[in-house]
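A.B. asks: Let the sequences and hints guide you as you build the complete structure.
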Amino acid sequence: MSPLVLVFISPLVGSAVLAFMGHHRNGRDINVAFSFLTFLASTFLTAKVVAHGPMFALDKQFFIDSLNVFLVTLTALIGFTTSIFSRPYMRIEEERGKMTPNRMRLYFSMYQLFNCCMLLALTTNNMGILWVAMEAATLTTVLLVSVYRTPASLEAAWKYFILCGVGIAQALFGTILLYMAAQRVIGHGLNPLLWTNLNASKAHLNPVIMSLAFVFLLVGYGTKVGLAPLHNWLPDAHAEGPTPISAVLSGLLLNVALYAVIRCKVLTDGALGNHFAGHLMIGFGLLSVLVAAFSLLRQKDIKRMFSYSSIEHMGLMTFAFGIGGPIANFAGLLHMTVHALTKSAIFYAVGHAAQKAGSQMMDQIRGLIKISPTVGWGLMMGTLAILGMPPFGVFASEFLILTSAMRQLPWATPILLLGLGVAFGAIFSRVQPMVFGETTMKRLPHPPALLPVFVHLGLVLMLGLYIPTYLNTWFLQAARIIGG
Amino acid sequence: MTELSIQLVNLFASFLLMLAFAMLAQRRVLTLINLYSLQGLTVVAATTVVAHMTHQEHLYYSAVLTLILKVFLIPWILHRLVKRLNVRWDVETLINIPSTMLVGIVLVVFAFNLALPISRLSSSVVPGTLGIALACVLLSFMMMIMRTKALPQVIGFLAMENALFFAATSATYGMPMVVELGIALDVLVGVFILGVFLFQIREQFESLDISHLESLRED
Numbered sequence: 185m186s187p188l189v190l191v192f193i194s195p196l197v198g199s200a201v202l203a204f205m206g207h208h209r210n211g212r213d214i215n216v217a218f219s220f221l222t223f224l225a226s227t228f229l230t231a232k233v234v235a236h237g238p239m240f241a242l243d244k245q246f247f248i249d250s251l252n253v254f255l256v257t258l259t260a261l262i263g264f265t266t267s268i269f270s271r272p273y274m275r276i277e278e279e280r281g282k283m284t285p286n287r288m289r290l291y292f293s294m295y296q297l298f299n300c301c302m303l304l305a306l307t308t309n310n311m312g313i314l315w316v317a318m319e320a321a322t323l324t325t326v327l328l329v330s331v332y333r334t335p336a337s338l339e340a341a342w343k344y345f346i347l348c349g350v351g352i353a354q355a356l357f358g359t360i361l362l363y364m365a366a367q368r369v370i371g372h373g374l375n376p377l378l379w380t381n382l383n384a385s386k387a388h389l390n391p392v393i394m395s396l397a398f399v400f401l402l403v404g405y406g407t408k409v410g411l412a413p414l415h416n417w418l419p420d421a422h423a424e425g426p427t428p429i430s431a432v433l434s435g436l437l438l439n440v441a442l443y444a445v446i447r448c449k450v451l452t453d454g455a456l457g458n459h460f461a462g463h464l465m466i467g468f469g470l471l472s473v474l475v476a477a478f479s480l481l482r483q484k485d486i487k488r489m490f491s492y493s494s495i496e497h498m499g500l501m502t503f504a505f506g507i508g509g510p511i512a513n514f515a516g517l518l519h520m521t522v523h524a525l526t527k528s529a530i531f532y533a534v535g536h537a538a539q540k541a542g543s544q545m546m547d548q549i550r551g552l553i554k555i556s557p558t559v560g561w562g563l564m565m566g567t568l569a570i571l572g573m574p575p576f577g578v579f580a581s582e583f584l585i586l587t588s589a590m591r592q593l594p595w596a597t598p599i600l601l602l603g604l605g606v607a608f609g610a611i612f613s614r615v616q617p618m619v620f621g622e623t624t625m626k627r628l629p630h631p632p633a634l635l636p637v638f639v640h641l642g643l644v645l646m647l648g649l650y651i652p653t654y655l656n657t658w659f660l661q662a663a664r665i666i667g668g
Numbered sequence: 088m089t090e091l092s093i094q095l096v097n098l099f100a101s102f103l104l105m106l107a108f109a110m111l112a113q114r115r116v117l118t119l120i121n122l123y124s125l126q127g128l129t130v131v132a133a134t135t136v137v138a139h140m141t142h143q144e145h146l147y148y149s150a151v152l153t154l155i156l157k158v159f160l161i162p163w164i165l166h167r168l169v170k171r172l173n174v175r176w177d178v179e180t181l182i183n184i185p186s187t188m189l190v191g192i193v194l195v196v197f198a199f200n201l202a203l204p205i206s207r208l209s210s211s212v213v214p215g216t217l218g219i220a221l222a223c224v225l226l227s228f229m230m231m232i233m234r235t236k237a238l239p240q241v242i243g244f245l246a247m248e249n250a251l252f253f254a255a256t257s258a259t260y261g262m263p264m265v266v267e268l269g270i271a272l273d274v275l276v277g278v279f280i281l282g283v284f285l286f287q288i289r290e291q292f293e294s295l296d297i298s299h300l301e302s303l304r305e306d
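Respectively, the protein sequence lines represent chains B and H.
In my numbering, each number is its position in the first sequence, counted from 1, plus 184.
In my numbering, each number is its position in the second sequence, counted from 1, plus 87.
Quick caveat, the hints were computed from the structure, so don't treat them as lab data.
Note that this is a predicted model, so its numbers are computed, not measured.
Worth double-checking, as some hints may not be accurate.
Derived list of chain H stretches under chain B, where covered just means 3 residues or more per stretch with a C-beta under 8 Å from a C-beta of chain B [said to hold, decoys possible]:
| hint | region |
| --- | --- |
| 1 | 129-138 |
| 2 | 275-289 |
Listed below are several chain B residues computed to face chain H (Cβ distance under 10 Å; list not exhaustive) [as the list claims (entries may be wrong)]:
| hint | residue |
| --- | --- |
| 3 | 241 |
| 4 | 245 |
| 5 | 326 |
| 6 | 327 |
| 7 | 333 |
| 8 | 334 |
| 9 | 338 |
| 10 | 361 |
| 11 | 363 |
| 12 | 367 |
| 13 | 390 |
| 14 | 396 |
| 15 | 631 |
| 16 | 634 |
All residues carry an ideal CB built from backbone N, CA and C; glycine is no exception.
C.D. replies: In structure tokens form, the structure reads like this:
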């Protein structure tokens with residue numbers, strides 16, 4: 185069986201099995217097992233692509249190149265580590281009466297289905313299927329956000345559904361326009377919605393249609409990336425859902441949505457021959473960095489705070505891909521990787537910290553380092569990493585983004601620095617008393633799974649000090665595909 | 088024959104636009120659902136005519152799919168929801184319908200202007216309809232913003248999907264079959280989830296008024 189098929193089959197079967205078994209005592213172990221299988225399949229797939237170069241599958245409906253294969257590995261890895269984190273976390277939630285057996289089944293089943301949708305969106309070659317997979321990912325996570333059935337979580341899920349539903353409808357209109365432009369060039373014989381076919385004849389796509397299509401696609405998928413001013417759903421969905429879901433939303437969903445935008449940008453750039461798409465992305469990116477940085481100052485809820493930090497970093501990546509060119513694209517890809525790893529690690533630590541305190545309010549969480557040094561250090565190191573302190577990988581990517589901004593858009597550099605500075609002050613001043621200081625918090629009934637936190641932070645540290653050659657080649661190839 | 092078909096498609100397009108305005112101003116939930124199935128029926132009729140005119144076989148399939156899904160199944164689910172939620176006779180207080188209509192007209196003009204350069208380039212036999220489809224999308228969007236009750240918001244969402252489907256049919260003779268099936272599946276699953284949601288919202292808030300959902304905001 186080809187590893188690509190296994191990458192989908194594993195979460196799909198997992199979802200079906202867990203729909204029946206999820207409430208069992210070993211449901212959480214089954215979840216880990218299926219996620220591990222997916223991860224294993226994705227590494228095989230990666231090895232195959234590294235050895236043989238880009239490949240097609242199933243009548244060209246699937247296409248794997250350097251750009252998406254690294255995201256597939258990242259998605260499967262974070263899906264796997266989050267399932268490990270889910271084990272003790274969801275067990276504690278269940279014992280505290282927040283989860284019933286039925287909700288556990290729903291949770292595990294939807295978790296696997298969500299992973300399946302993400303992987304489908306990443307590997308499909310068909311722009312229509314990409315849309316379908318993104319919408320399906322929204323639907324699965326809506327159920328996950330509202331799983332506690334509290335008024336706040338229902339409100340967050342409703343807002344998420346309506347805003348992302350409207351957003352993704354714009355993306356569908358953009359896809360229709362894309363199809364229309366493609367039909368004029370490619371005709372009905374070859375499939376005009378396949379990205380590879382579009383890419384081959386992108387220079388002939390009609391520029392008028394393509395520019396309008398890109399606006400719709402950017403607004404549509406940009407809603408899911410969390411770009412300001414379309415970001416309103418994101419902090420609510422992150423704060424009110426279970427913490428493992430916050431981790432995968434920030435670590436995976438936002439990346440996949442940005443991936444969709446990048447694929448569309450490549451086509452638009454080819455058709456228009458100017459920087460129209462790039463300029464739009466630079467504008468949205470800068471606005472997101474600023475809006476998120478200043479919203480950070482007002483946060484009281486720890487998960488809300490880190491979700492605003494996600495908006496800031498997604499803005500930074502969008503900005504980098506907007507600039508384009510080999511260095512900025514490389515920086516954007518590196519930032520996608522390190523942000524996903526760091527942010528999910530932070531959410532793992534935050535989840536356990538909030539469970540100890542019995543609240544997500546930051547003034548209730550105090551003195552983590554005394555009660556449980558690993559959670560405290562995990563949160564502190566994660567925070568330092570996400571704030572761009574050397575030697576972590578985020579420093580390297582932010583440094584690259586800033587230098588390319590200085591070279592190509594000098595006026596944007598002070599804006600970026602202002603955003604990063606404000607974010608630093610806001611986050612650090614709040615995390616410091618949470619980690620140090622006096623505490624009255626209790627121990628957890630089950631030992632937290634902190635291995636994923638330190639694995640992720642270790643990887644981010646490694647990427648800051650040294651990028652392995654094959655990873656480097658990957659990023660360079662992917663940066664060339666994006667071009668611009 | 089072709090001339091007649093083109094005129095028919097244009098007729099159905101204008102019918103869709105009228106329905107979009109009717110939904111914007113409609114206050115009763117039951118009538119709103121009926122208007123939605125009427126909209127679905129119009130889309131089916133337009134799709135069939137385009138299929139006949141262009142001999143695109145897969146358009147017949149998508150017409151049948153739309154007929155089952157959007158004329159029968161989804162309205163039936165909505166009717167059941169209304170019955171079980173006991174909101175049959177709900178009347179929404181809409182403020183200032185005339186000015187809503189005026190804003191709607193501005194939206195239509197805007198949509199036509201936006202679609203004009205593309206309509207000229209379109210290889211489709213019915214180029215003008217793209218502007219109408221975009222106008223319907225924007226009008227449904229506006230309906231979602233204006234409404235304070237959950238169910239009309241959902242219907243606005245579904246109406247937007249109908250308009251997008253019409254855009255795909257008229258501008259490109261429909262998306263490839265596999266994509267259309269995927270979209271249909273997403274919409275159906277979405278309606279089910281929303282139905283479950285409505286019950287949960289009512290359980291928690293004892294009302295389907297979205298204005299209760301306002302605790303999550305920045306202070």
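A.B. asks: Now, for every hint given, state plainly whether the structure supports it.
C.D. replies: Status of the hints after comparison with the structure:
With 0 residues carrying a beta carbon less than 8 Å from a beta carbon of chain B, the region 129-138 of chain H misses the three-residue requirement, and the given coverage is violated. Coverage of the region 275-289 of chain H by chain B holds. Counting CB-CB distances below 8 Å, 7 residues qualify, and the rule asks for three or more. Checking residue 241 (chain B) against chain H by beta carbon gives a least distance of about 15 Å; that is not within 10 Å, so the hint is violated. Using the Cβ-Cβ criterion of 10 Å, the hint placing residue 245 (chain B) at the interface with chain H is satisfied: the shortest such distance is roughly 8 Å.
Taken as an interface hint, residue 326 (chain B) checks out: its beta carbon lies about 6 Å from the nearest beta carbon of chain H, inside 10 Å. Below 10 Å, beta-carbon pairs count as interface contacts, and residue 327 (chain B) has one with chain H at about 6 Å; its hint therefore holds. Interface restraint check: residue 333 (chain B) against chain H, minimum CB-CB distance 6 Å, threshold 10 Å, status holds. At a threshold of 10 Å, the smallest CB-CB gap from residue 334 (chain B) to chain H is about 8 Å, leaving the interface hint in force.
A cut of 10 Å between beta carbons decides the hint on residue 338 (chain B): the least distance to chain H is about 6 Å, and the hint holds. The restraint placing residue 361 (chain B) at the interface with chain H holds, with a minimum CB-CB distance near 7 Å, inside the 10 Å limit. Given the 10 Å rule on beta carbons, the hint for residue 363 (chain B) holds: about 5 Å separates it from the nearest Cβ of chain H. Taking 10 Å as the C-beta cut-off, the interface hint given for residue 367 (chain B) holds, the closest approach to chain H being about 6 Å.
Taken as an interface hint, residue 390 (chain B) checks out: its beta carbon lies about 6 Å from the nearest beta carbon of chain H, inside 10 Å. Using the Cβ-Cβ criterion of 10 Å, the hint placing residue 396 (chain B) at the interface with chain H is satisfied: the shortest such distance is roughly 6 Å. Using the Cβ-Cβ criterion of 10 Å, the hint placing residue 631 (chain B) at the interface with chain H is not satisfied: the shortest such distance is roughly 33 Å. A least Cβ separation of about 30 Å between residue 634 (chain B) and chain H goes past the 10 Å threshold, and the interface hint is therefore violated.
Checked against the numbered hints above, the structure violates hints 1, 3, 15, 16; every other hint is satisfied.
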